[in-house]
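Sequences are here, hints too, so could you generate the full structure?
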Amino acid sequence: NAGVMQNPRHLVRRRGQEARLRCSPMKGHSHVYWYRQLPEEGLKFMVYLQKENIIDESGMPKERFSAEFPKEGPSILRIQQVVRGDSAAYFCASSRGAAANEKLFFGSGTQLSVL
Amino acid sequence: AQRVTQPEKLLSVFKGAPVELKCNYSYSGSPELFWYVQYSRQRLQLLLRHISRESIKGFTADLNKGETSFHLKKPFAQEEDSAMYYCALSIQGAQKLVFGQGTRLTINP
Chain A
1 NAGVMQNPRH LVRRRGQEAR LRCSPMKGHS HVYWYRQLPE EGLKFMVYLQ KENIIDESGM
61 PKERFSAEFP KEGPSILRIQ QVVRGDSAAY FCASSRGAAA NEKLFFGSGT QLSVL
Chain B
116 AQRVTQPEKL LSVFKGAPVE LKCNYSYSGS PELFWYVQYS RQRLQLLLRH ISRESIKGFT
176 ADLNKGETSF HLKKPFAQEE DSAMYYCALS IQGAQKLVFG QGTRLTINP
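Going down the list, the protein sequences come from chains A and B. Read in order, the letters of the first sequence correspond to residues 1 to 115 in the numbering used here. Read in order, the letters of the second sequence correspond to residues 116 to 224 in the numbering used here.
It should be emphasised that the hints constitute simulated quantities derived from the structure, not laboratory data.
Calculated cross-link-like contacts (lysine-lysine; reagent style DSBU-like; alpha-carbon spacing at most 35 angstroms): (1) A/K71 <-> A/K103; (2) B/K172 <-> A/K27; (3) B/K172 <-> A/K44; (4) B/K180 <-> A/K44; (5) B/K172 <-> B/K137; (6) B/K130 <-> A/K103; (7) B/K137 <-> A/K103; (8) B/K172 <-> A/K103; (9) A/K27 <-> A/K62; (10) A/K103 <-> A/K51; (11) B/K124 <-> A/K44; (12) B/K124 <-> B/K137; (13) A/K51 <-> A/K71; (14) B/K137 <-> A/K44; (15) A/K44 <-> B/K130; (16) B/K188 <-> A/K103; (17) A/K103 <-> A/K27; (18) A/K44 <-> A/K62; (19) B/K180 <-> B/K124; (20) B/K130 <-> B/K172; (21) A/K44 <-> B/K188; (22) A/K51 <-> A/K62; (23) A/K103 <-> A/K62; (24) A/K62 <-> B/K137; (25) A/K62 <-> B/K124; (26) A/K27 <-> B/K188; (27) B/K180 <-> A/K103; (28) B/K124 <-> A/K103.
Following this line, the structure appears as structure tokens:
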């Protein structure tokens, strides 16, 4: 089991472009979480998805950001019309279930740089 | 609002010395607290959680509800303990974690 896979590891975009970040959860995991880490800060929750459903998007900015976790394929975090303030490390995590004792497994993250 | 505070950004101790990484939280509900660790060039991984009351790699952490703290301790630090440590609070079960800013621990030989 390769663990949670995120790609790309590094993504460079110019202001106004779109960024698409992909996350493949661990085998057997159907719960995916996205976190963002700004420089010098801790990870901040963005969105929690289960296959084909958004369960909690309370941490997502209201505009330009969207996430999906289709029936087939990886979860995608999409940022439209990126701005410099979107530059951050974006981490994905997965778990088998939603219970409190379920362990979260993190990916290596995608470092987004907006020029 | 829920908050996790790690007051030390950097902590440096000598090998064999005791180490304590501080974590304080603010949460009106019943807290579930975790310590995550990120070693150099590795992924963030769970170190321990208060609900398990376990000791991992010699580390322990006790939840003190009176002081709203969950400090991470190890009596004798080892060089391989050098890493970034994050304290985290779970709200709504496992779905959402609130992280502290992290403490970079360096163990000097």
